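So the sequences go chain by chain: A and B.
Each residue of the first sequence is one higher than the last, beginning at 1 in the working numbering.
Each residue of the second sequence is one higher than the last, beginning at 1 in the working numbering.
By construction, these hints were calculated from the structure, which means they are not laboratory data.
Be aware that a few hints might be false.
As the list claims (entries may be wrong) - Derived Cβ-Cβ restraints for the label pairs, each shown as a range:
| hint | chain 1 | residue 1 | chain 2 | residue 2 | range |
| --- | --- | --- | --- | --- | --- |
| 1 | B | 310 | A | 70 | 31 to 39 angstroms |
| 2 | A | 100 | B | 200 | 27 to 35 angstroms |
| 3 | B | 384 | A | 100 | 43 to 51 angstroms |
| 4 | B | 76 | A | 52 | 30 to 38 angstroms |
| 5 | B | 340 | A | 93 | 33 to 41 angstroms |
| 6 | B | 313 | A | 138 | 31 to 39 angstroms |
Stated by the list, open to error - Facing chain A, a subset of chain B residues (Cβ under 8 angstroms, in silico):
| hint | residue |
| --- | --- |
| 7 | 43 |
| 8 | 201 |
| 9 | 205 |
| 10 | 208 |
| 11 | 210 |
| 12 | 215 |
| 13 | 217 |
| 14 | 253 |
| 15 | 256 |
| 16 | 276 |
| 17 | 280 |
| 18 | 282 |
The structure displayed is predicted, hence computed values, not measured ones.
Beta carbons are placed, not taken as given, at the ideal position from N, Cα and C, and that holds for glycine.
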Amino acid sequence: MQFLISVIILGCIYAVLAAGFVVIYKSSRILNFAYSDMAMLAAYLAVTLTQLLAGPPIIALSICLVMGFILGVAIYALVIKPMAGEPIFSTIIITVALGIVLNAITALGWGGKMESIPLGWSQYYLLPAGIRMSSTEFIIIIATIVFFIAIFAFYRFAKIGKQMRATAENALLASQRGINIYFVTAFAWGIGFFATAVAAVLIGANYQVSLNLGHVAIKAFAVALVGGMDSVEGIIPAAFIVAATELIASNYINPRLADAIPFIIMIIVLLFRPWGLLGTEEEIERV
Amino acid sequence: MRKKTMGIVMFLVFFSLIFMGHISILDAADPYVIGYLTDITGDASDNYAPDSEGFRVYMDLVNARGGINGHPVKVIIEDGKSEPARSAAVAKKLIFENNVLAICGLGFSRSQPPVLALAEKEGVAVITGYTGVVGDIYNTKPGSISFATGHNMHPDFHTSAYASARFIQAVKPKGSTVAITGFATPGARFWRDLQEKWLKGMGYEVIYGEDIPTNTVDFSPWVNKIAKISPDIYYGIEGSTQVIPQILALEKMGYTKDIMIPDFTPEGDLIKGMKRLVGSGEWILWGGRWATAYEDIPEMRKIKEAMEKFGYKYPISARHFNGWVIGRIIEEALTRAGWPCSRSKLISEIEKTNLDTRGLTGGPIQFTPTDHHGPSWWRVYRWNAEKKALVPAMNWFKIEPKEIAKKFK
């Protein structure tokens, strides 16, 4: 049972991480390779804000999430939007460079110091069947559920959410129908960075914040591909499949295999279903 | 004509004076160039970045006092990023472009082989706080360039493995069960294997041993196993970014038996970890070759003052002590070597080191032409929740390299 809890916690973290990746891809068709460095920067920002601001950590963390949204929009406006009309390959390379720059900024600014993010509630609980859970783990599960309900509701009910779906399906048609696709894509980048910040806070609270944080964030890429790059729904099964197989490998086969497992799963899924578990086949043709 | 001759003479005298002045200015300003290769970023940065700060702060102090033999010390700090290839590349730059007299730091065992090979070829002294998986620190042969001030992970005489077994002996009775995990690096692997051998010889049962990849973030696979088998003591040979989350996860799993970690987890990180514990944390033991920043040592106060004067990034720790002491070794060797100093001259002066660390270690640091490690003193501390500090759990004990090597055979 304890193993199951580990799978759920890791799966939740992977799901939120991958959501940021998918939201950005869905709207802008860009594989954002700066993703893991964005997560690291967001985590260190959260650390600084919780240290600077007195009062319950929720205030500092909320500010961090808002800052994440603004940073996402700013990155789109400054780096991605000017590349509109250029080959997509160039834009993807730009995200690689952006990642290196963000990594350097984080290393310079925070010196790679080990930190953690307080959530203001620290307790352990012994549940039936000998299961042990921490308050942070409860928060991770609740935050993931709330996050996904919000994101599904956003795509389904919010006007900008519907516009994002329309832009994702056909940007040209969407723009001809009067949708400001730049605004919509900027908003998607904002949500993408917001999701990254949520995941970074959860990782920083449950594990620690260090320059190693990027190692876990990079697994979001594998989860997103397994679920389907254009499918927010696909993220959830993909995240739990990846988390379960990773932990099976590390618990029962060899822990040194753990890091490779998400990518082995990714290769297997791509070989048999290149568009991912719940992605659209047409999407791959377009890519 | 006379006027013209006088003009030429005046011109020559003027230029000669300027030239001589220039030479003397150059002479006074020419620095001793020392490289410090460490891991400011990368997997091992939490262990080694504070070392470089201790060294830099000491050298800032030396330069503020007027340098050594009238010459400033120029310290070039390079980041090896815990990557062997990168470390080798920056070592090459330090040796060939910057013409350094010595390289200090170089803690990460994985990065040592390529750097030491290059340094040995070029005859550049390397003083590490963590030597070494290669080289002949003990039973040193002529031409050897590597020196060690901290732990030692040489497969033939692994002081850290022996000392950590002795630490366990000091706090746990014979017959106790032990679990050991370590960084998936050559040095930690030697450590784990040899510590296990020593412990078995001392009458302990090692019931779990495993490597942990350096970039691991989720430790539940290891932690769940340790909590399940519940050894009497768990020893983690990892840096703070690995060890602290494990301590927290083990507490969550209900494991609050003794957990021992080496002194390369900086105390600042340990404090941060302690704050996250729900319980008292009195099951945490921390030990190695260095005193802690919790002890009231006059030399530690000096380091603190210097850090405040010259600026610092990391909270004061035993890692700073190591960098500081390496700085003192370099200062003494350069003072003896005079000006100008060659690489070989510096090596022979470092070989005369007999440094009183003024309480930062249990005894002096001594090097000779046939021993680049010397005797070392070790001690383990336990976290005291009331004092909010690490307090000694035993007295310092001495390890003679030859004694250990003999026992290995």
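Here is what the structure says about each hint:
1. B:310 with A:70: 31 to 39 angstroms: holds, 36 angstroms
2. A:100 with B:200: 27 to 35 angstroms: The hinted range 27 to 35 angstroms is violated for residue 100 of chain A and residue 200 of chain B, with Cβ atoms some 47 angstroms apart.
3. B:384 with A:100: 43 to 51 angstroms: holds, 44 angstroms
4. B:76 with A:52: 30 to 38 angstroms: holds, 34 angstroms
5. B:340 with A:93: 33 to 41 angstroms: Between residue 340 of chain B and residue 93 of chain A, where Cβ atoms are some 49 angstroms apart, the hint is violated.
6. B:313 with A:138: 31 to 39 angstroms: Given a distance of about 35 angstroms, which is inside 31 to 39 angstroms, the answer is holds.
7. 43: Constraint on residue 43 of chain B satisfied, holds at 7 angstroms.
8. 201: violated, 28 angstroms
9. 205: Check failed: Cβ of residue 205 of chain B comes no nearer than 22 angstroms to chain A, outside 8 angstroms.
10. 208: violated, 12 angstroms
11. 210: holds, 6 angstroms
12. 215: holds, 4 angstroms
13. 217: holds, 4 angstroms
14. 253: holds, 6 angstroms
15. 256: Status violated, d = 11 angstroms.
16. 276: The hint holds - residue 276 of chain B has a Cβ within 8 angstroms of chain A, the shortest such distance being about 6 angstroms.
17. 280: Violated: closest Cβ of chain A sits about 14 angstroms from residue 280 of chain B, beyond 8 angstroms.
18. 282: Constraint on residue 282 of chain B not satisfied, violated at 17 angstroms.
Taken one by one, the earlier hints fail for this structure at numbers 2, 5, 8, 9, 10, 15, 17, 18, listed in ascending order.
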